[in-house]
Each structure stands twice: as C-alpha cells, then as structure tokens.
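Visitor: Residue numbers (the working numbering), protein chains in the order written: chain A, 1 to 116; chain B, 1 to 492; chain C, 1 to 910; chain D, 1 to 111; chain E, 1 to 91; chain F, 1 to 126.
No lab work stands behind these hints, which were simulated from the structure alone.
Beta carbons: idealized from backbone N, C-alpha and C, even for Gly.
Do not rely on the hints blindly, as some may be mistaken.
Computed list of lysine-lysine pairs in BS3-like fashion (alpha-carbon distance at most 25 Å, straight line) [to be verified]:
| # | chain 1 | residue 1 | chain 2 | residue 2 |
| --- | --- | --- | --- | --- |
| 1 | C | Lys673 | E | Lys87 |
| 2 | E | Lys87 | C | Lys618 |
| 3 | D | Lys99 | D | Lys6 |
| 4 | C | Lys363 | C | Lys433 |
| 5 | C | Lys618 | C | Lys673 |
| 6 | C | Lys363 | C | Lys24 |
Just the calculated beta-carbon pair ranges, DEER-fashion [unchecked claim]:
| # | chain 1 | residue 1 | chain 2 | residue 2 | range |
| --- | --- | --- | --- | --- | --- |
| 7 | C | Lys673 | B | Ser201 | 30 to 40 Å |
| 8 | B | Ser442 | C | Arg836 | 56 to 66 Å |
| 9 | C | Arg681 | D | Arg100 | 41 to 51 Å |
| 10 | C | Ala434 | B | Arg449 | 43 to 53 Å |
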Amino acid sequence: MIVLGVAMLALGVGFLLVAAIGLVRLPDPFQRMHSATKAGTLGTSLIVLGVLLLDQTARLSTGLLTILFLLLTLPIGAQLLGRAAYLSGARMEGVDDDPLADVLDRAEAKPTDRPD
Amino acid sequence: MGDPLVLLAPVGIPLLGVAVTALLRTRPRACEALGFVSVAATLIAAIALIRRAIDGGPAALVVFGGWPQAIGIAFAARLPGPALVVVASIIALAVALYGHADIGPRRRRRGYDAMSLAMLAAVNGAFLTTDLFNLYVWFELALLAALGLITIDRREAQIGGAIRYAAFGMVGATAVLAGIGIIYGVAGTLDLETLATQLGSGPPSVAVAAAGTLLLCGFALKSGLFPFHAWLPASYASAPLPAAAAFAGLLTKMGFYALLVIVAGVFGGIGATTAVSPPLLTTIGVMAAATMILCALSALAQSDIRRILGYQVVAQVGYMAAGLAIGTRDGVAGAVFYMVHSMILQANLFLGAGAIRRATGSWDLTRAGGMTRSNPLFAFLFAVPILSLAGIPPLSGFWAKLLVIRAAFDGGSAWIAAAALVAAMLTIVSMATIWSEACWKSLSGRRVRKVPGAMLAGMAVLSAVTLAIGLMPEPLLRIARLSADALGGTGS
Amino acid sequence: MLLILFVALVGSCIVPLVARIMGKGAGLVVALFPFGLLGAFIALAPVIERGWVRSESWRWAPSLGLDVTLRLDGFSFLFCLLITAIGGLVTIYSGGYLTNRSRPDRSRFLTLILLFMTAMLGSVLADNMLVLIVFWEATSVLSFLLIGFDGRSARARRAAIMALQVTAGGGLALVAATVMIGHVLGSYSLSGAIDRAPEILASPLAAPIIIGILIAAFTKSAQFPFHFWLPNAMQAPTPASSYLHSATMVKLGIYLLARFEPLVAGIWWGRTVLITVACITMLIAATQALRAESFKAALAYSTIASLGILVLLVGLDGPAATVAMIGFLLAHALYKAALFFCAGSVLHSTGLGSLRALGGLRKSLPLTALACTGASLSMAGIPPFLGFISKEFLFEAQLESSWELIPLAIAVLVNAVMVGVAAVITLKPFFLKADHPIEIEHPESLSVAVPPLLLSLAGLVISLEPDWITRVAIRPAVAAVYRQPVKVDVAVWHGLTPMLALSAVVVAIGFVIVRYWRPIHLRLRRQGGFERFGIERMWERLLRTLLRASAALTRLVEHGDLRRYLATTIGVIAALVIATWWRIGAAPRIVIGDRPMLGDILVTLTGVAGALAAARAKNLLTAMVAVGLTGFAVAITFMTNGAPDLAITQFAVEALIVVLLTALLLIVPLSVKSTRSGSQRRTDGIIAASFGMVMFVTLLDMAAVQNATPAADWFGQMSYIAGQGHNVVNVILVDFRGFDTLGETAVIAIAALLAGSLLGVRPGKRDGDDAGQPVHYSFAAASGPLFVLLLVASIVILWRGHDQPGGGFVGGLAAALAFAILSLARGVRSAERTLRAQPSTLVGAGLVLAIVSGLPGMMGGQAFMTQLWTEPYGWVPKLSTTISFDLGVYMVVVGAVLAFLFGLQREAAR
Amino acid sequence: MSILRKAVAVVVLAVSFVADLFFSSFAVARLVLSPRIETHPAIVMVPVAVERPWAVALFAYFTSLTPGSTCLHVADDRRTLYLHVLDTRDPAATIARFKRLYERPIAELER
Amino acid sequence: MIDLQLVAAILSVVLCVALGLAGWRMVRGPSFADRFVAFDMLTAVAVAFSALTAVSTGRSAFLDIALGLSLINFVATAAFAVFLERKGGGR
Amino acid sequence: MNVLYAAAVAAIMAAAIYMILSRNLVRIMLGLALLSTGANLLLFTAGDFSNRQPPIIAPGQDRLGDAADPLAQALILTAIVIGFALTVVLATVVLRAWRATGSLDARTVEATEQPDAPELLDPDNG
Ligand code: NA
Ligand code: NA
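Bound-form chain A, shown alone (with noise of 0.2 Å):
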C-alpha cells in the first residue's frame, strides 16, 4: 500500500515536472497549453491519489472531491484560455491550415507584450 502510494505521489510528481518541462521547452503557447494543463490533470490527480492511499487520516471524499475539481476545472480553464490565445492573436506555430480563421475574429498579433 505504501509502496503504490509512494509511487503514485513520484509518478505525479514526474508527471508535472514533465509538464513544467514542456511548458519550457514547446514552441508556441498552444502547444504549451497541452503540457501544461493536461499533464498537470494526471499528475496531480496521482499525487492526491498517494496521499489517499498513504494518509489514513486523510478523507477519502476530500481527495476524491480533488480530483473530481480537479478534472472539473483545468479543462475548462484550457478551453477558455485556449480560445482566448487564439483571439488575441497568441503565437501558434506549425499550422498551415486554419479551418477557424474563418469562423473567429482572430486579432493581428501585436507586439503589446514586448519580452522584458
């Protein structure tokens, strides 16, 4: 029990260094959007399930309800920031077709936000 527990909480762990990783490393922040959020769903969700299984005194409901959230919420928050990148006029590399530029008024990418 331990053991799982102990290896739940490292996968997770690996899990969202992997994302802050990809976070770093992609290209564009669409594709960051994907490392992070997603990655960091699994890797949190694993880390609350650890402490389920190496906590006795932690609630189950209160770990489940986590994730359950969890699951809820980062999505949601990755559509909502995705489609808001996407008009303002975020930075999206490698895309040649876009089917969406037709649908959504997509702002000329401006340099308001110069690197400091």
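Assemble the complex: chain A is given as a structure, and chains B, C, D, E and F with the ligands must be docked to it using the hints.
Guide: Using the frame of chain A, we list chains B, C, D, E and F with the ligands on its own:
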C-alpha cells in the same frame, strides 16, 4: 456604568454606527441623525471614561473576551488615552453639527457618515488599546476611512491627493508593521506594558534599535513630522471641509499619540532609560525642530487657507514632538497638554476656513474678506483659535507653548526652546495675515453671505473648549502630569 | 486690586453696550467707568503715600507656577492713575470723535479701549511674570485690533500686522526671558526676580535673560531698531493713538526696563546698550520728526524721541535719573495725549492730516487751539509747565550720572527739536495762514475739546501745585524704582543752575529750528536715504525674503513628485535606522539557525525571482503576474511551514487580486514607458537596496535574540479547553484576539463603502452590461455548477474554521470567488441578480452581526466578546457567539469583495 | 434497458477517458522529453453529431481533458468543434478517434 | 519502512523545479497567453505541494487546501481568459 | 532558515520599493502589494517557525503539541486581509485617476503643489 461598558463604548458605539449607516446608505437624513446620535453617545461614554480614569483608583482595564491580560486585547483607561477620547468625541460632535450645513445627501449616500464614524472609532481605539498590533489595526481603519473621505467627491484633485495619501499611508503602515514584527520576534509579546518592562532590561540590540526606529518613522509619518509630512497639506486641501477638520484634529494626533506611547512608554523615553531611547529622542528632536520652523515658514507663502492651516497642523505636531524629545516628565506632560489643546484648536480652524469659504466663496485669502462686518459672531468664534494658535495668552496655545519651552529649558534642550520660539514668531505672522485678509479686508463688489447657524454651532463648541482650557488650565495640566506619570511607568 | 481688575474686565465687556443704545452722549456715560476705577485707586493713595506695598494673590494654575499675584507699589500706582485718568478722557473724547461711525462700531471701539485699559492695569499690577506676559500680549493684540479698526483700509491692515509682528514678537522674547528666570530662580515673581538679580547674574543664562528683556522692552517702547511700527500705528483712530501709542502702552517697555534696571545694569554692557540704543533712537526720531508731513506723524516721531529719552534715563545711573524718568513719564503722558487729541480734532474737523495744508484753525477750533498751545508749551519745556520741570530733572540726571557728554549733547539737540516740533504743530495749524481755505466738516464739540484742555491744564496745575501728586505718586514711584527713598523736589524755580542754562540753550536752538523749519523740512524730505535705508524698509525686505524663502521651501519640499517624496521617506527611514545603530554601538549578531531544506530554498528563490521580475517588468500585466508569483511562493512557504490557514488565505487573495486587477488592467494601457531616467533608476535601486540591507541585518539580529513566545504557548494550551476550537489560529482570530478581527472587519467594511463611493454608477452614464459579450460555451455551461460548488465550499470553510483551516475570512473570499465565476461567465448583471442584495447591505448586516455577537457575553459585567456556547440538542452542532461573529466577518468580506468586483467589472465593460 | 445502457456508456466513457488520459500523457511526456522537439500541430474541425447542449459541452470537455488536444471553439450552431491538436500527422484519424472514444458514449447518454 | 518525510522532501525538491520552470515561463512570457498557461500550471504545483505537505506532516488539513485550491484558482484562469479575449496581447 | 528568510524579506521589500518609486500608478500599487507580502513574510519569520506542524489540535486531544507559532499566524492573517483591502482600494483609486486624467503618470495625476499667491503678505501689496 461598569468598566467593560465604559471602555468599549467609545469604540463600540461608533462602530455600530458605521454598520447601521452602511445599511441605511440610501437614506441620507437617517444617516445623519444616526451619526449625530452615535457621536453624542460616544461623548457621553467618553466623559464617563475620563471620570473613571482620574478617580484615583487603579486604571480600569478590560480584556476583550474576558481573557488574562497580555493574552487577549485589552483597553485601558490609562491617561492620556481617555482624555484624548473625550477630545476626539468633542471634535466629532462639533464636526457633526457643522456638517449639518455642509454635507449634502450625495456625500452621505456615498458613506460620509459611516466613514466619519469609522475614523472616530479608529482614533478612540488607538487611544485606548494596550496592544501593539491592535494599534496597527486602528491605524489601518483610520487610513481607509480618511481615504474614503478624501475621495468622496471623486474630483480630480481629490484623486491625486488620495494617491499620495494612500502611498504614504501604506509605506508608513509597512514600517510600523515591520517594527511590530521585529518587536514580537524579540520580545514574544504585543502587550505594551509587558514590552516596556521587557525592552527596558535588555542590552542594546540591533534588532530592537531597528524596530524602535521603524516604529518611530512609521508613526512620525502618520503624525506628519518633517521630512515625512509631504502627504499632509495636499490631502487636507482635497478632503471635504468637515472631514479635513476631523483630520486636522484627529489623524495626526493619533500618529503622535502612538509615537508618545512607543517612545516614551515602551522605549523608556522619559529619562532615557533604555539604550535605544537616546538616539530615538535625538531623532525626534531634530524632526521636531525642523517641523516647527520649516512648516511654519511654509505656511507663510500660501494663500489657500486650507494649505496654511495644513502646514500649521504639521508645525503644531512639531511642538508636541519637541515636548517628547526633551525626554523628561515635564516635556511629556507639555506634549500631552499641547496635543489636547491643538486637537480642539485645529479642528476649529478648519471649520472656520470652511465658514469663510461658505461666506465668501473662496478658499483663497486673496479673494476672501469682510467677515468681521458681515459675521461678527463668526469673527469672535474664529478669533479664539487664531489667537490661541498664535500663542497669545491667556488662550490654551500660550500655556501649551510655555509648557514645552519651559520643559526644554529645564531639560537642558535650549535649542528646542529656541526653535519653538522662532516658529511661534512665524505663526504669529501667519495668523495675523489670515485675520487681516479674511476678516478685515473688504470684498469689493461681492456680497458676503451669512454663515449658517449649524456651522457656527460647531465652531462654538470648540471655541468654548479652547477658552475653557485657556482660562482654567489647571485640570488639563493635572491630566497632562498624570499622563506623563502613566507613560513613565509610575502612574497609579 | 483683584476685585478692581475683575470689575474692569467685566465692565469693559458690558459698559460699552451703552453706546449701542445711546448716541453722542455715550462716551460721557461710559467714561464714568474708568473714572470710577480712578477713584478706586485714589482711595488706595494713603497706602502708597506711606511707602507700603499692597499685594493680593489668587491661585490660577498652581502647577504651572501661575498665581495671579498683584502688587501695587508707587511705580504701579503712578501708572494706574495715568491709565485710568487718561482712559476716562479717551472715552469721552471717543464719544465725540466717532460720530460718523455706526453705533455697533462705536460700541466695539469703546470695548477695545476699555479692555486695553484693563490689560494695562493688569500689566503694571502683575507681580507674576507669567501674568505680566498675559496682559502684555493682550495689549499687543488690542493694539493690533485698534490699529486695524478700519480694516477696509489696506494701510491700516498693514500697519496693524506690522505692529503685531514687532510687539508680539517682542512678547516672545519676554516669554523666553521669563522661562529662563523661572529656570534659574524656580519662581516667576517679578519682585523676586529683581530682589534676586545677583543670582540671575551669576547664572550662565544671565545674558540671554537680559537680551530677552531688552528686546521685549525695545519692541514695545519703539526703540531702535524696532521703532518703525509706531509711526505706522497712527492708522488707528486718533483716540487709540493717543491712549495706546503715546500715553500708556508704549511706556510698558519703559516700565519693564525700569523694573529690571538692577538686573540690566548688573551686566557689564547693560547700561551701554540702553544708552546707545536710546541715543540712536532719539537722533533718528528727531530727524524724522522734522521730516514729518502730517500732524500725527510729527507727534509719533516726537513720541519715539521721548521714549528714547526715557530709556536713556533708565540707563543713566544715580537717583536723579530715576526722578527725571518718573517726572518725564508723567509730563509726557499728559502733554502728548493732549496733543494727539488736538491732532485728532483737527483731522476730524477738516479731514486733513498734512501740516502744510493746515492753517488758521484758531477761529473754528478755539478750545483745541488753546489746549494745543498749553500742551506744546509743556512739550517745549517752557516754564511754568510740567515739561519744563521734567527737562530740568533730565539735565540734572545727565550731569550727575557718570556718563560722558555725548548723551547730554544729543539730549540737548533732541530737546531743541522738540521745541521746534512743538512750535510748528501749534503755529502751523492754528495760528499761521493756510495756503488754501479749509472747510470745516465737524465743528468742535465739547467732548472732543475738553479732554485735551483738561490734560494741558493738568500739566500746568501739577507744576504749580505739585505737592499732592509728588506725595502720592512721584515720590513713591521713584522710591519703588530706585528701591530706596529719594528726596524729590518738584518746583518750577530752583535758582540759577547749569540745568537752567541748558534749558535756555535748548530753547534757543529750538527757536532757530522753528525759524528755519521749512528749509530744513524740505531738505530732509528730499533725502531719499531715509526711505531706502530705513529700518522699516529692511523689515519689509526681511519679510519679503521670508516669503520668498517660504515659497522656495515649498517648491523645494512640495514639488508634487510622488517618487521623490517616497524616495526621501524610505531613504530617510533606512538612514535613521543606521544612525540609531551607530549611536547605540551594538554589532549585529548572526546566528545560523536550522539549515533550510532544499525545497524551502527553491520556493523562496522563486518568490524572490518573482519580486525581482516584477521590479524589472516593463509591462503591467507581467508585473502583476510576477507579483502574483511571489505571493504564490510565499503561500507555499506558509503551507510547508505549518500555516495552512495562511496558505489558503494567501491563495484566495492571489486569485481575487487576479480577478480584480485584470479588470483594472483591461482599462488602462499595459505597456509602460519608462518614467525614470537612468540615474533616477540607479538612485532608486540604491535606496531600495539599502532598505533591503537594513531589513536583512535586522532580521538576522532578531533571530539571535528571539525569545520563546509565552503567549503563543498559552494559546496552544487553552485553545480547546477555553475556546472550544481545535484550530488555534482561528480561535485566536475569533476569540482570544477577536477584537483585532473586529477592527479588521471594520477596515473591510470601510473598503466596501469606498468601492461604492468610487465605483458607483453615476446617473446618466450608460450602465455597463456585458450581455452581448462572447462567452465561452463550456464555461457558461459549467459556471452554474461551479458557482454552487464554491458557495457550498465557502460555507463549509466558514463552518469548520473553528476546528480546521478556514473561517470567516477565507470563507468569505471563497464565496466572493463563486460570484466572480458567475460574473465572468455570464456578466455582472447576472451575478448581481443572483446575489439579490446590495453588497453594502451585506456588509452592514455582517458588521452589525459581528458587533452584536460580542454583546451577549457582557451580561453580568463580563467583558465584550466574552464567548457563550450552547448545545441545544445533542445532534445539532454546537452554537456560539464566536461562530456568529465569524459569520458576520464572512458576510462583510463577501459584500466588500463583491462591491469591488461588480464595480470594477462594470467599469471594465464601459 | 435505457438506464443500463446509459450506465454502460458511462463506464465506457470513464474507462476510455482514463486510458486516453494515461496514454496521451505519456505521449506528451515523450514528446516533451525528446532531445529535439518535433511537433505537428493542427487545428482540426470535428463535426458534432450529438445535439443536446450539455452533450456538446461534454464532448468539448472530454476532447480538452486529454493531453494533446484542446477545444478552442464551439461553433455557434453547435455542429462543429474546433480543436487544437498538439501532434497529428493524420487529422482525419484524430477526428475519428475522438468520435469513437467520446462522442459515441455521449450519444448513448443523450438518447 | 519508507521514511515518508524524506520522500516528501525529495519530491518537493522535484516539485520546486517544476515550480521554478513554471515561474520562469510566467515571468518570461512572451505572450500573455504564455503567462496564463503558466499560472494554470502553478495551480497544479500548489495542489501538489499541499498534498505533499499532508504526507510530510501527516495532517489531512493540508489536503483540504488542495481541495480549495482546485476551485479557487480556476477563477483566476477564467479572469485571465476574459482579459485575454478583450485586451489581446499575443505576438 | 532565518538567513534564508531574512534574505527573502530583504529582497522582496527592496524590489517592492523599487517599484513604488516608479511613477506609474499601477506599478506603485503593485509595489505596495508586494511590500505588504514582504511584511507578511517578515511577521512569519518573527514567529517561531522551528516546527512545521500546523497549530491545529489533533482530534481527540485538548492541547496543542509542538507546532508552529499560532499567534504570528493570526497576526499575518489579519495583515494579509488588510493588505488585500488596501491594494484593491488603491487599484480603484488608480482607476479613477486614469478615468479623470487619462494618464497613469503620478506627475500628471498629482495636483500641482506650487504656492500660488506669494504676494499675499508682500508689504507692497496694499
Ligand atoms: Na492607552
Ligand atoms: Na536710571
């Protein structure tokens, strides 16, 4: 009334008033009535409190929640707190009377009454608390209430004043908070009395020195001492007049009270009993001298009456700080006397400025005039604070200055006395100008309106108190002495 | 005497009301009052005559050393007689003089005059120096009010301010001297100070004390270099000039000097200064008197010269000087008051002030002409007038004193000028022909003619019948000042003496001056140097310099640049901390405590990196995000160091700040052009770094002295037992230190009111609604369930806060976040509709609940916020006043945050 | 039995989601950790067969939940989802996979 | 027996690396969208931290924080999205 | 530990001050928010943080064992909320300043502070 009620009421009543006026915001007349009732009730409670404070018994002390002292937060009827609570309540009453003729429904709908009451609660809380962190909380309440009052009309100048006020206020608050944190880290307690004994015994320490200086600077900023005073004249000039009067009477004095309690009470400033106190006193002394002279000088070139008075407010704080900086019991007694006198007086001066504006339509002295002829009663009521500020005997300002100057000579700080005298001279010049321009000069071509009765009533309350202090200084002197004893740690 | 003074004070306020009822005759009626006081003093004459001193005392403010001690000796008595007698005449005269004024004005004027009389009486009677100051400054203020009586005239206002500046400033010097005397002697008794002059002289404060007294006296008595205010003071109505600025008030300085003569003379330069100043004053005043064009100005300068003579006499040693001083004081008071009355009558009747324009008034103002002649003869020192006798005394004093002849020569010259001035002011207006015909506006009335006549007559009568006055006033006065009995022989004829010869010389030179008055006068007038180098000009230049300095200082200090203000403030704070360290001379102690874990270091580094990035960010959103990163790192630090309540609160606050500030950032431009130059940035960096270093050193040292926290330990022990809660932090917040929380709740409530006041929609402005906003499909669908979830969570957090992390604050923040979801997904309107109540209502109700929760515990004399617990049924969770208090906090927080949320989002949608 | 069928659909949905979550997480991890990142992102249009609003929302939700794809937009007529896909060489296959894994069970639930 | 505190300590170091990387992206941007994505990531890291703290202290109270965080920070993300839609800021 | 947190407090406060000294109102506001974060961390280091156990009495017990300093935490909680309130109020004031002047530069927003009639006391004026 029992001690729990007497000590709670000066804060509890106005706070409850805040709550109920917040609920009744859409009904300005109800707000006004409620505000007035709250203030009057607070004054009654304050009088009961001061009677309790000077009855000769052990100082009344109530720990909220009924916990042991130094565990819970306690309010104590320990001088000078109760005396200042009385003064604050009197000022609030005068301002409320005055406000009847000056504060319209729009401002009341925006929460004028609640913010004024919050300021009263904050000031009274600071005057009564025995807990360092609780003191900080009251300062923050006062900061926000003042900010609300400054911006209540949302005018451009008000916003500018508010930004400066807020930025300064938060920097000062952070210095105070940092000081509190370090003190807590060193001493492990927030109770002022315990701190006084604990800090008095230790060897000189860098942390304690830093904490003392940070607190000093934070509270000096709140009291507007040079060079931390830049926020003050601008914000006074942007607040609605009754609020500015309350600021003048209450806000800076709250800061000075904290300075007094921390430096004289906690850090053993009376007689310089701790390693940290001599440098702190020197710092205050230099600030005081600079404040007195430079601010009295600055007032000369102003023509906006609120700005003149704003500078004078600061200069007066300089006198109080001078009393504190002398580092003797007489000096502290002088500071307390000065404080009480000055709170009443300066609120009154601002009310007078508002009345001049109401009658002549201008804040600018070059465009004001004719008050003696058109409003003789006003001229009389205004002459009292003007003469008192100029230090003309036998008004309160003379005794106050005399006490400080005398304490300075007796305490071996003749330079402070010299600075005080120079500043007094400048103040005379400044006050004579106000009188000459606003009261004597005739307003060519424009009619001078009558000052409404409510305004005069507000001024009358304060002028009467100033006259009373001047003609009968003995009771206040006694309170000032008792305060110095209490702060010095030998009080009953 | 206390009674007399009290009656004088009360009477001064009441009696002049007669003038509101009566017309012209009011002056006569009111004059009964000062004459009554005169009678009261005369009744005391037998006491004085015997050389006794009468003292009375009343304790005013004993702890201030302030006893109203009055002391009537011969010197005071002489003053009292002068004050009340001339006061009565002035009152009569004013009644006739102020006929063209309204009744309230007349009443006001008489009040001021009588108050002034009271203040003068108090000044000369006071034995306590603090009381003396009270009355002394009162005379200055009343003089100010009288000079500016016609405040509509700019010249009058300016003259009044100048007089106040000089005389009240001199009063401050007296204050300083008094305080120092009190410091040396431990008492404020005037007579005591004079008796104990050697003690004062022995102290290091002797010189400052004497300088203070000299300044006070010189300002009041218009001595060089403070003489310039007096001619300007002639802007006062003439009765006031006559009373204050010639007969009485200006003599207060002489009074003070005469009293303190033993002290002043005790220092090596004392007499020299007195005599030098007196001589300079006399010369300047005599020259100016010859230059003067107007009647009143000529009188004013001759008054200054006379005051110079008096100071000279104080400065000279020997009993004869004292006798001369008393005699001249009396003579001058009588004739100069009379002359001012005459000048006033002329001005009143003709409306003309210039001597050159006047002439031939003998016929229209015969009584005045007569009075003027008498008074002038006295002034010129022509026998048998009193002025002659006093001049004899003067020369005798100079001859008897140990001084060189220069003062004597100057005195002769000045007296000759007096003769000339006396002749001119009598002959020109009354007896010589006018260049142009003069129209009489007001004919002479008895009430303006009789007072000067009486005074002139007194000058004659006293010199011819000197016995009574010598017995009751002059001799006791001399004895009081000289401090031992002196033989005084007042007589017109002393035989052929050197003094008589000097008098003859004076009169002779005087006649020469009269003869050549016109060329001298015109010559002097052409000399511009008097104006350019006059002290008055210098004073004005000084004032202007002060003003310019004031303006410059204001520009320098009040530059309106917030950055510089804050930089100064923070820099000074850092510097002061360092200065304190330097003064106490303690070195910082460095204790390396526990080794931090790698995780702690990394989290902390992240926080610091966020802060530094925020400081460097050129984009406001970047800055906000970076500040948020620091907040996040700090929250994680809280969490990993055993502070779950702090962590959750900090997280919630960070989230809310994002929600609220993005609404702000939607409105304002994000890209920041640099507002500071490179050097400014460097300065700021240095200031910031020094403050940081100060904090670093401090915190290191703090760790070295860190004490155990007994209070914190107590909380852990008692939290559950006494506070019934497992979460110690929450029990502290709602119970042990609930009062803090109450104050903080009030802070939040006021913040909410501010939101209402700053963000409230103005009528007429379009109500920003975002119904048409593109909202994300999934978000809109999910917002409902999320809202409910968060709201439920917030209530759970509130409820279990007493035992687990949570409580009113976090609960309230969570509930506000729930509404934030709604407003983000569906618009502000929708969220507001869901709330149903106004946020401010929630705030008010919450604050009421929080306060009221503390009240039930007060029953039975307990303290406010004493908690009450109840478990009505076994299955219902325990209820308590602390929980309802926390509920109040919750409501306030929700209301406040929503007030900002809705307001800011509305603004953003505009 | 409709209830039973729906229960089965829920289970299918959950299992395929968890499996997909794992697999695609590993896929993303491998992609991120590879020495040279070589992605083939695309925006793909997924025609939507389900009709109820909540069903469309659920479909969009599941496509966003799994790593490697995010729903950027739901067409106003709710007939099309626009997905950003991290790494796809064959958009048609991707579309088919989403429809198979998620839309079919959701359609079961909708019925 | 596995020392859970040690495990938690080691894992939090790894987590700190993730935190640092996310923080770096948050501060570096370059676009607003990047920063917001990074913020989202921070939420996950914070949840993981609370869970690890629950393990290292053995106190379930910290798991409650994870629960709260999962809800709370979604609001920030939503606010960011609204901001981004209205204000733009890509590149 | 103390060195680490002392350094962190110092760095955060220094960065905050650098921001406050800017003339952009939003940066000033953010700087003040950062400053209060720094102050909160300072309060935390002032408390006794040698123990990482939360000050929550374990179920079934009636006294707190070894745990972090609860009083410092209570103070910080108060300070956090007050700091939050001030930040938000300041943000609102900044918004009003922007609406009123169309500028975020403190120099534009601040009312000019020059004395306007120095001739008032001038003896020549009258
Ligand atoms: Na107190
Ligand atoms: Na003499």
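Visitor: Look at each hint and say if it fits the structure.
Guide: Status of the hints after comparison with the structure:
1. Under the criterion of a C-alpha separation no larger than 25 Å, the hint pairing Lys673(C) with Lys87(E) is consistent with the structure, at around 19 Å.
2. A distance of roughly 17 Å separates the Cα atoms of Lys87(E) and Lys618(C); the hinted pair therefore holds under the 25 Å criterion.
3. Proposed proximity of Lys99(D) and Lys6(D) is supported: the alpha carbons are some 17 Å apart, at most 25 Å.
4. With a C-alpha separation of about 11 Å, the suggested pair Lys363(C) and Lys433(C) falls inside the 25 Å cut-off, and the hint holds.
5. In summary, the hint linking Lys618(C) to Lys673(C) is supported, as the alpha carbons are separated by about 7 Å, within the 25 Å threshold.
6. This hinted pair checks out: Lys363(C) and Lys24(C) have alpha carbons roughly 24 Å apart, not beyond 25 Å.
7. At roughly 55 Å, the beta carbons of Lys673(C) and Ser201(B) sit outside the given window of 30 to 40 Å.
8. Separation of Ser442(B) from Arg836(C) is about 60 Å and conforms to the stated range, judged on CB atoms against 56 to 66 Å.
9. The hint said 41 to 51 Å for the Cβ distance between Arg681(C) and Arg100(D), and at roughly 60 Å that hint is violated.
10. In this structure, Ala434(C) and Arg449(B) meet the distance hint of 43 to 53 Å, their C-beta atoms being roughly 47 Å apart.
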